[in-house]
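**Student:** Could you put the whole structure together from the sequences, leaning on the hints where they help?
Using the numbering used here, read the sequence shown as starting at 7 and increasing by one per residue.
Where hints are given, some of them may not hold.
Said to hold, decoys possible - Between beta-carbon pairs, the in silico distance windows are:
id, residue 1, residue 2, range
1, M79, V40, 54 to 60 Å
2, A39, A75, 50 to 56 Å
3, A72, A39, 35 to 41 Å
4, Q95, A57, 52 to 58 Å
5, D42, R11, 43 to 49 Å
6, Q86, S64, 29 to 35 Å
7, A45, G73, 56 to 62 Å
8, D33, R11, 41 to 47 Å
Just so you know, these hints were derived from the structure itself, not from any lab.
All C-beta atoms in this analysis are idealised placements derived from N, C-alpha and C, irrespective of residue type, glycine included.
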Amino acid sequence: MDAGRAVQDMDAGRAVHDMDAGRAVHDMVASRAVQDMDAGRTVHDMDAGRAGHDMDASRAVQDMDAGRAVHDMVASRAVQDMDAGRAVQDMDAGRAV
7 MDAGRAVQDM DAGRAVHDMD AGRAVHDMVA SRAVQDMDAG RTVHDMDAGR
57 AGHDMDASRA VQDMDAGRAV HDMVASRAVQ DMDAGRAVQD MDAGRAV
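**Tutor:** Pasting the structure below:
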């Protein structure tokens, strides 16, 4: 009877040990899964941040280009106005002569 109990106790001890080992492996796998998810989120956040930065940079360039276009148009009009003014002066000078 004592030997039978000893075997049962050993089997019970082994079963508990196997369950504990299984839980430890499960916990490690679960922990890795969480780490992988966190790493994935970090990469996603970085990609989203870069996309936002690229969009902002693109808008800044577009705004600069639009500003330059307006500046060029204003400068072109100023030159046209000066040329028109000179033409009128030349005509008046011709009439005066």
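**Student:** Against this structure, judge whether each hint is valid.
**Tutor:** Hints, one by one, checked against the model:
1. About 58 Å separates the C-beta atoms of M79 and V40, a value consistent with the hinted range of 54 to 60 Å.
2. At about 53 Å, the CB distance of A39 to A75 agrees with the hint of 50 to 56 Å.
3. Distance hint check: the CB atoms of A72 and A39 are about 49 Å apart, inconsistent with the given range 35 to 41 Å.
4. The hint said 52 to 58 Å for the Cβ distance between Q95 and A57, and at roughly 57 Å that hint holds.
5. Between D42 and R11, the C-beta spacing of about 46 Å keeps the proposed range 43 to 49 Å intact.
6. Look at Q86 against S64: about 33 Å separates their beta carbons, and that is inside 29 to 35 Å.
7. Judged by the Cβ atoms, the range 56 to 62 Å given for A45 and G73 is violated: they are separated by roughly 42 Å.
8. Remark: the range hint 41 to 47 Å for D33 to R11 is contradicted by a beta-carbon distance near 32 Å.
The structure does not agree with the numbered hints 3, 7 and 8 stated previously, though it agrees with the rest.
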